[in-house]
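Dock chain G against the given chain V, drawing on the hints supplied.
Here's the letter readout for the chains.
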Amino acid sequence: MARQKQIYARPALCAGCRICANACAVVNRGVANPRLGAIRIRQNLIERYEFQEICRHCEEPPCLDACMVGCISKDARTGLVIQDQSRCVGCWMCLMVCPFGAVGRDVANHVAIKCNRCQDRKTPACVEACPTGALVFEAREDAVFEPFFTEPTVAS
Amino acid sequence: MTHQKARPICQNALVNLTDGIVEYFATPEEIIKKFLGGRGLNMYYLYKYLKPDCDPLSPDNVLIIGNGLLTGMLVPNSGRHNVTCKSPESGIIGDANIGGFFGPELRFAGIDRLIITGRAKSPVYLYVEDGRIEIRDATPYWGLTCTQTQVKIKYDLGSDIEIECIGPAGENLVRFAATRYGLKNAAGRCGTGAVLGSKNLKAVVARGNRGLPVADPEGMFAKYIELRDYLNKSKVIGVMGRVGTPLLYDVSNYLGAIRTHNSQQTVFFDTLNAEEIHKYVDKMLSCYNCVVHCRHRNRLGGEGPEYTSEVLVGANIGVADTYQVIDLNNLVNDLGLDVSSTGTYIAWAIELFERGYLSAEKVGYTLRFGDYPGLRRLIEDIAYRRGFGDVLAEGSRLVEKFGPETADFLIAIKGLPQSDPHDVRYLKGFALGIATASRGADHLRSRPTLEIFDLPSEVRRQIYGEPIDPNPTSYNSKGRLVYFHENIYATIDCLGICKFICHGFNSPRNLNYTHFKDLIRLAYGLEFSEQELEEIGRRVIDLERLLNYQLKGVTRKDDTLPARYFDEPMPSARAKGSCVDRAGFNKMLDDYYALRGWSKDGLLPAERVAELNALRDAT
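Residue numbers (my numbering), protein chains in the order written: chain V, 1 to 156; chain G, 1 to 619.
Isolated chain V, as found in the complex (with noise of 0.2 Å):
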């Protein structure tokens, strides 16, 4: 199988505005709330930190064995792990299990929230959204260390 191109981020360059989470939201639920986009942006200002959250669609998913109602599964082409998310139950049992705390909660809704790599767009609309260059969709040989605290500023 060819490389699949991936998303990475790239904390140090993450200004924290959350228009990623909140593109998300918007392209695939309509709605507009960061909290219900599948990739989150962990931030606190007084401990001086922000990272982003975002699925890496694990070639061993912990999520799909997780997953009670069968409702995560592998596309076996793409690689994806993708979520069917009207036959979630909101048991949180992928939340629990994902090492990465990739997977949120829609809590009114009662369904988790997991990124399905936005399959119908040529870039993922985070990636396409975000201002500073923090977040980037490219195939890799091996990951690359990204530092966290290096740079001052972030890129314009």
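FYI, nobody ran anything at the bench for these hints, they're computed from the structure.
Hints should not be assumed to be uniformly reliable.
[What the hints assert, rightly or not] In the DMTMM-like style, the derived pairs of lysine to aspartate or glutamate whose C-alpha atoms are separated by at most 20 Å in a straight line are:
id, chain 1, residue 1, chain 2, residue 2
1, G, K233, V, E128
2, G, K48, G, D617
3, V, K5, V, E59
4, G, K362, G, E351
5, G, K223, V, E128
6, G, K152, V, E47
7, V, K5, V, E138
8, G, K235, G, D454
9, G, K362, G, E380
10, G, K576, G, D270
11, V, K5, V, D120
12, G, K600, G, D590
13, V, K122, G, E226
14, V, K122, G, D229
15, G, K362, G, E405
16, G, K600, G, D558
17, V, K122, G, E218
18, G, K154, V, E47
19, G, K121, G, D60
20, G, K51, G, D617
21, V, K74, V, E60
22, G, K154, G, D130
23, V, K74, V, E59
24, G, K223, V, D120
[As the list claims (entries may be wrong)] Negatives, chain V to chain G, calculated, CB over 12 Å:
id, residue
25, Q4
26, Q6
27, P62
28, D65
29, A66
30, S73
31, V89
32, W92
33, M96
34, F137
35, E138
36, A139
[What the hints assert, rightly or not] Pairwise CB distance ranges (calculated):
id, chain 1, residue 1, chain 2, residue 2, range
37, G, S159, V, C91, 21 to 27 Å
38, G, L300, V, E59, 41 to 47 Å
39, G, C54, V, I46, 33 to 39 Å
40, V, E59, G, P140, 44 to 50 Å
Every value quoted in this text rests on a predicted model; they were computed, and no experiment measured them.
Idealized CB from N, CA, C, for every residue including glycine.
Here is chain G on its own, set in the frame of chain V:
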């Protein structure tokens, strides 16, 4: 698509803290058509609920936390909301615009506007979730600084909430206390924090689980991408994102228009230049959905300083060391004071001390420009109301106590100190703007600075609709300039978008009425024309004028400048010799009143008052 409960465009909650009763109601669409939201609807509800003769720190005062129409939407820089009340500092309307993440979170929690009256018996905070408000005990948080309060509430409730709170200054009813979000974002002006403190309300906490339905999601996404790319082409926005507002310090200093030593001087040291400040900056941060990211995370544990704070707790009080200025900025923010007022009052007190109106016996210690340890102590004393700080915490009302002649040394209009660190004696349009601003001496109501860019005359005509005198020091056509800027800024405050991406703020490009119109249609399917949107800005300013007249009898006599700006020429650099001529100023004021349709005395015509009263009584 996620199923969402139907939700009105604007859901309000009327909270009576005395009785602990909350009422919910939606704003009818015809009122939204007239005022949009944010500052406009806040003024509307202030006009509706406020008794004009109430004491601002009494339970009768009405405090409104209201989101703009586009706050929270996928719109660039849509993170702003307004905090409005009768100001305890000036006695006229108090209104402050604040960024950060709290406003959107409040909307996602199902409430667009909180209207708070009464006074709780003991310290409380409001918890908002799923369109429901709880009044909870805040005794454990009382007495904590802004940062500590937020850390402690998040420790107790979980980290996925947003908090707007007051610090010790607000609790101790310092008349220029701010309402704060995070480390730096503040609804700073007009003493909104003191009003919260007088109501025993320590904080408002929101957890937003619901989504805001978008009428045309794909269209809104495409529009966002288009606007972001358009805004990123702007040079000013690029620089703002790299170094933030301190970039203006160098420019003003070069001109010789930095408020230094209470405006006795106009140039200051290079130690506050953007590149010097930047040595202390770790990272630039954004507010909600912001494409500019102009907020500094500094290495001393806080955020900032902005251009305003570095001058007002720097040059204006004579502190030149970069480290010390950033430290004072962080201190003022943490204590929950308004940096503009704090810096102005301290500089005023030092000048009064030097001139002999205040003595060492009265103050308890010597006041000197540049005395960092002494002034740091004074700032803490103000927030905790200790010693002379207790006196200074009364703000512009001290004029009555110190003697009417001391008013000439206070850089304030309508009882509110000037916010912008720019000495306005050179730019005459700017001078008119701070004189007519509805909440007092404030640059964020108009800030007409496009004239300094040397734009071609056809571009000026296109922007303002008629030929404009390009000379910033002339008194011609400045009324038109201020009129245009006040209208568009009022509209953008109603929408909840940041002024940094607004047409006319530092740049002749950026978002204008056409963009606003498109965004409102994509978000709600509501149709507006450009003229209607500008008319909304006009209506809001007229309503503010009417409110000011009812609260404190504001007329032409109040639309003036500090005596120093009329009588003392600027002492140095390129602007040397400039001052505002009284006759020229009156001419600008006449032009401005004529455009607004106000009388020579600055009063609204009777039919406009009748129209606004009819709107007030309509619901």
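Quick rundown of the hints versus the structure:
no.: 1; hint: K233(G) / E128(V); verdict: 17 Å, holds
no.: 2; hint: K48(G) / D617(G); verdict: 8 Å, holds
no.: 3; hint: K5(V) / E59(V); verdict: 14 Å, holds
no.: 4; hint: K362(G) / E351(G); verdict: 15 Å, holds
no.: 5; hint: K223(G) / E128(V); verdict: 12 Å, holds
no.: 6; hint: K152(G) / E47(V); verdict: 13 Å, holds
no.: 7; hint: K5(V) / E138(V); verdict: 5 Å, holds
no.: 8; hint: K235(G) / D454(G); verdict: 16 Å, holds
no.: 9; hint: K362(G) / E380(G); verdict: 18 Å, holds
no.: 10; hint: K576(G) / D270(G); verdict: 19 Å, holds
no.: 11; hint: K5(V) / D120(V); verdict: 14 Å, holds
no.: 12; hint: K600(G) / D590(G); verdict: 7 Å, holds
no.: 13; hint: K122(V) / E226(G); verdict: 17 Å, holds
no.: 14; hint: K122(V) / D229(G); verdict: 18 Å, holds
no.: 15; hint: K362(G) / E405(G); verdict: 18 Å, holds
no.: 16; hint: K600(G) / D558(G); verdict: 13 Å, holds
no.: 17; hint: K122(V) / E218(G); verdict: 14 Å, holds
no.: 18; hint: K154(G) / E47(V); verdict: 12 Å, holds
no.: 19; hint: K121(G) / D60(G); verdict: 14 Å, holds
no.: 20; hint: K51(G) / D617(G); verdict: 15 Å, holds
no.: 21; hint: K74(V) / E60(V); verdict: 9 Å, holds
no.: 22; hint: K154(G) / D130(G); verdict: 18 Å, holds
no.: 23; hint: K74(V) / E59(V); verdict: 9 Å, holds
no.: 24; hint: K223(G) / D120(V); verdict: 19 Å, holds
no.: 25; hint: Q4; verdict: 24 Å, holds
no.: 26; hint: Q6; verdict: 22 Å, holds
no.: 27; hint: P62; verdict: 23 Å, holds
no.: 28; hint: D65; verdict: 26 Å, holds
no.: 29; hint: A66; verdict: 22 Å, holds
no.: 30; hint: S73; verdict: 20 Å, holds
no.: 31; hint: V89; verdict: 15 Å, holds
no.: 32; hint: W92; verdict: 14 Å, holds
no.: 33; hint: M96; verdict: 17 Å, holds
no.: 34; hint: F137; verdict: 15 Å, holds
no.: 35; hint: E138; verdict: 19 Å, holds
no.: 36; hint: A139; verdict: 23 Å, holds
no.: 37; hint: S159(G) / C91(V): 21 to 27 Å; verdict: 23 Å, holds
no.: 38; hint: L300(G) / E59(V): 41 to 47 Å; verdict: 45 Å, holds
no.: 39; hint: C54(G) / I46(V): 33 to 39 Å; verdict: 37 Å, holds
no.: 40; hint: E59(V) / P140(G): 44 to 50 Å; verdict: 48 Å, holds
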